[in-house]
Amino acid sequence: MTFDVIIAGFGGQGVLFAGQLLAHAALDAGLETTWYPSYGPEMRGGTANCTVVISDEPIGSPVTERPQAAIVMNLPSLVRYEPLVRPGGVLVVNTSLIDRAVERDDIDAIAIPADDVAAELGNPKLTNMVLLGALLARTSALTTAQVGATLERVLPARHHHLLGANHAALARGAELATEAAARDATPTA
Amino acid sequence: MSVLAPPEPALTPVYSYPDALTHVPTHYCPGCTHGIAHRLIAEVIDEMAAKERTIGVASVGCSVFAYRYFGVDFAQAAHGRAPAMATGVKRVRPEALVFTYQGDGDLASIGAAEILHAAVRGEQITVFFVNNAIYGMTGGQMAPTTLLGQTTTSSPAGRDRATMGTVLRMSELLAQVDGAAYVVRRSLHDVVQIKRAKKAIRRAFEVQEQGLGFAMVELLSSCPTNWGMTPEAALGYIRDEMVPAFPLGDFKVPETRAEAGA
Amino acid sequence: MARELLKGNVAFAEAAIRAGCEAYFGYPITPQTEALEHMAVRMPELGRTFVQAESEVAAINMVYGAAAAGVRTMTSSSSPGVSLMMEGLSYMAGSEVPAVVVDVMRGGPGLGNIAPAQSDYTQMVKGGGHGDYRQIVLAPASVQELIDHTVLAFDLADRYRIVSVVLADGSLGQMMEGAELPAMRPPRAADASPAWALSGAKGRDTNLISSIHLDPDEEERFNHHLQAKYAAIEAAEIRYEEHLLDDASIAVVAFGTAARLAKTAIAGERAAGVAVGLFRPITLWPFPTDALRDLSERVEAILVVEMNMGQMLEDVQRVVAERCPVGFFGRTGGVMPMPEEIAARIRALAVELGAAVSDAPEEVRT
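Protein sequence lines, in the order shown, are assigned to chains A, B and C.
Going by our numbering, the first sequence opens with residue 443, and the numbers climb by one from there.
Going by our numbering, the second sequence opens with residue 4, and the numbers climb by one from there.
Going by our numbering, the third sequence opens with residue 538, and the numbers climb by one from there.
It is worth saying that the hints were derived from the structure and are not from the lab.
We put the CB at the ideal spot given by N, CA and C, even for glycine.
Have a look at the derived ranges for each label pair, beta carbon to beta carbon:
id: 1; chain 1: B; residue 1: 161; chain 2: C; residue 2: 847; range: 45 to 55 Å
id: 2; chain 1: C; residue 1: 872; chain 2: A; residue 2: 443; range: 20 to 30 Å
id: 3; chain 1: C; residue 1: 541; chain 2: A; residue 2: 453; range: 20 to 30 Å
id: 4; chain 1: B; residue 1: 20; chain 2: C; residue 2: 750; range: 26 to 36 Å
id: 5; chain 1: B; residue 1: 181; chain 2: C; residue 2: 741; range: 34 to 44 Å
id: 6; chain 1: C; residue 1: 720; chain 2: A; residue 2: 591; range: 24 to 34 Å
id: 7; chain 1: C; residue 1: 854; chain 2: B; residue 2: 28; range: 51 to 61 Å
id: 8; chain 1: C; residue 1: 729; chain 2: B; residue 2: 27; range: 30 to 40 Å
id: 9; chain 1: C; residue 1: 750; chain 2: B; residue 2: 235; range: 35 to 45 Å
id: 10; chain 1: A; residue 1: 595; chain 2: B; residue 2: 213; range: 49 to 59 Å
id: 11; chain 1: B; residue 1: 28; chain 2: C; residue 2: 759; range: 20 to 30 Å
In silico lysine to any residue, SDA-like type, Cα no more than 20 Å apart, as pairs:
id: 12; chain 1: C; residue 1: 739; chain 2: B; residue 2: 55
id: 13; chain 1: C; residue 1: 739; chain 2: B; residue 2: 49
id: 14; chain 1: A; residue 1: 567; chain 2: A; residue 2: 607
Covered stretches of chain B (in silico footprint by chain C; criterion: 3 or more residues with CB under 8 Å from a CB of chain C, positions within the stretch not fixed):
id: 15; stretch: 52-58
id: 16; stretch: 82-91
Kindly generate the complete structure, drawing on both the sequences and the hints.
Encoded structure:
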């Protein structure tokens with residue numbers, strides 16, 4: 443099993459942390475993992491992205507041109523990564539900030555209004571966790587329970603009062619993704 | 004004791020070879036004042052009984068072989084980099100007495116950044132800056148310290164302000180730096196000045212010993228060969244031409260002076 | 538020690554500390570700055586030396602000084618900064634002091650960019666400074682190797698009184714990967730200073746650390762001494778990895794990050810029936826000459842893959858000496874050769890050699 447995902451958005455949206463959390467969780471699960479960030483001046487308020495690879499064998503490339511999955515948190519990221527996701531792959535779209543529909547029909551596109559959901563949960567910084575929850579629900583690399591357990595380990599102590607909210611965000615994202623999948627599977631006669 | 008033995012001469016040595024100098028004849032030209040500077044430094048090392056814990060860093064220039072003449076551990080740095088190398092030595096050997104010995108091309112030109120930032124960091128090193136206003140080893144080219152109008156092989160018509168810039172006074176420059184604790188200029192052109200120079204050398208080492216910060220003694224020196232003068236005339240040139248351009252004095256001294264002051 | 542998720546730059550800095558590095562001198566430059574920042578915290582914490590130098594020129598000369606004084610010392614930088622260090626590296630070779638340099642390479646020439654590249658093979662492996670000198674150059678391909686090579690670099694530097702280089706790139710410095718740090722080794726005791734080091738001439742003759750030999754005959758003799766040392770290193774320290782080469786008709790030759798990118802491509806092509814493997818020099822100097830020569834007699838073709846325009850290629854061509862065709866695929870300027878691109882080159886080579894290959898399904902990524 444080898445799984446790779448690109449997480450992309452504006453700097454400050456928690457793109458890099460979401461990826462690191464995934465990588466930590468993979469390591470906790472006894473898997474191989476790499477986390478590869480975009481870095482440099484573009485990080486200062488521009489677009490940021492990271493690639494996470496998870497595998498049960500040693501990982502070659504930490505980067506890929508054709509990821510199995512992508513989380514896009516803003517429009518530039520959708521424009522860039524929609525064409526690259528492998529056929530049959532997963533594309534999680536933050537529809538709070540992206541008003542353009544996914545054009546491809548050969549991928550599993552999941553529309554999550556993550557900023558709105560985060561706001562409902564009481565903390566706009568939870569957007570990345572909502573989207574990560576959605577990804578986990580529609581892929582088989584790791585479960586939300588595994589990632590949630592890892593969160594407790596890696597979240598800095600000063601943020602531990604936010605653990606509950608983070609768990610809720612992961613769960614809500616997963617729930618929305620599962621519901622969307624069920625909707626898509628229902629024949630519309 | 005035999006009654007025929009001659010009487011013991013009641014003589015006290017008043018001048019001897021410093022322990023911190025080797026017995027290797029120097030390669031310096033006749034009349035060059037490097038030898039005087041070496042001897043003064045060696046005498047002070049002896050007086051401080053510091054020979055076994057002194058580490059010198061030689062530079063590139065006429066003093067490139069300084070390590071041959073001092074009987075202490077030595078490193079030979081790249082051109083201009085002696086203050087950086089001395090920083091590396093002193094940081095890992097804080098108990099050692101570390102000094103650099105640099106000429107004006109080395110310190111004021113190619114090594115301007117290294118000397119400035121050693122002072123900025125307040126490195127606990129002692130710098131001996133031998134300023135003879137010319138590149139000696141390479142045969143008499145213009146240095147940043149060359150006087151306006153002074154003829155050198157690379158300023159054959161005299162140093163021209165418009166195209167070659169003006170005299171760089173390193174002591175005045177470095178005295179502006181907070182990390183510099185002791186910055187003075189002395190000269191080696193006569194006995195009185197040489198005695199003053201030795202006191203400054205002593206003080207500069209003490210500043211290091213007391214952990215007060217960066218210390219530098221600039222020594223105005225002669226280069227009879229490349230100046231095209233007799234040794235005696237060269238000393239006169241220091242007195243009459245260099246001293247007016249490079250005033251002697253204390254540009255920075257520690258606020259709290261030890262007993263053995265400069 | 539447990540495996541943890543570590544960023545390359547932080548991992549090698551901590552590994553150096555655990556290997557007994559007592560003095561770090563550096564200058565900020567992307568993409569290695571996290572190493573300097575880690576040292577800025579950890580070295581003072583341990584009572585060791587950290588200095589942010591005014592330039593890479595000063596940093597390497599501070600390393601030279603600390604090395605001359607006999608302690609384990611290092612610097613880290615990236616390509617433009619390493620270019621500035623060439624003077625110091627030549628002097629250190631000329632005075633035989635041990636030290637470690639980690640080069641987290643980026644795109645060039647000139648200011649270039651901060652993206653990963655293998656732009657410094659030539660200046661580090663061939664000696665960018667003046668004179669006939671060598672440095673041991675280790676090329677890690679993972680965060681774990683970055684750690685292991687940093688520790689090894691200190692040991693080899695001390696063993697041979699030589700500069701050891703860990704030649705990483707921006708991707709290795711910036712990426713996080715599961716890796717295990719070594720246990721903390723104590724720094725060398727002050728009284729266990731090497732006999733040649735500058736420590737104050739107490740109860741012994743004076744020591745001199747110098748690279749000057751004004752007499753040409755003496756300088757030549759010194760060079761012969763260096764060459765003898767280099768020959769001993771070539772005899773004992775060559776390291777390389779052979780991956781899936783037993784039955785291979787095509788060998789990819791790549792080092793560092795290019796090699797791990799190639800591994801992914803090779804896995805895909807293997808699945809499609811192409812008999813391809815990887816030869817990965819781990820020491821770039823000493824170069825695995827004999828092993829590569831043997832390989833060139835076993836395979837039908839070699840494909841060199843680099844993140845530059847063929848700096849190692851020249852060494853491969855020299856060693857292979859036309860025993861088999863040597864192709865090249867490189868991306869440069871900070872662009873990584875993606876596994877998909879490498880796979881296409883392998884495939885084209887296989888087709889050229891008349892191999893029967895099947896199309897691998899696009900979804901498969903092994």
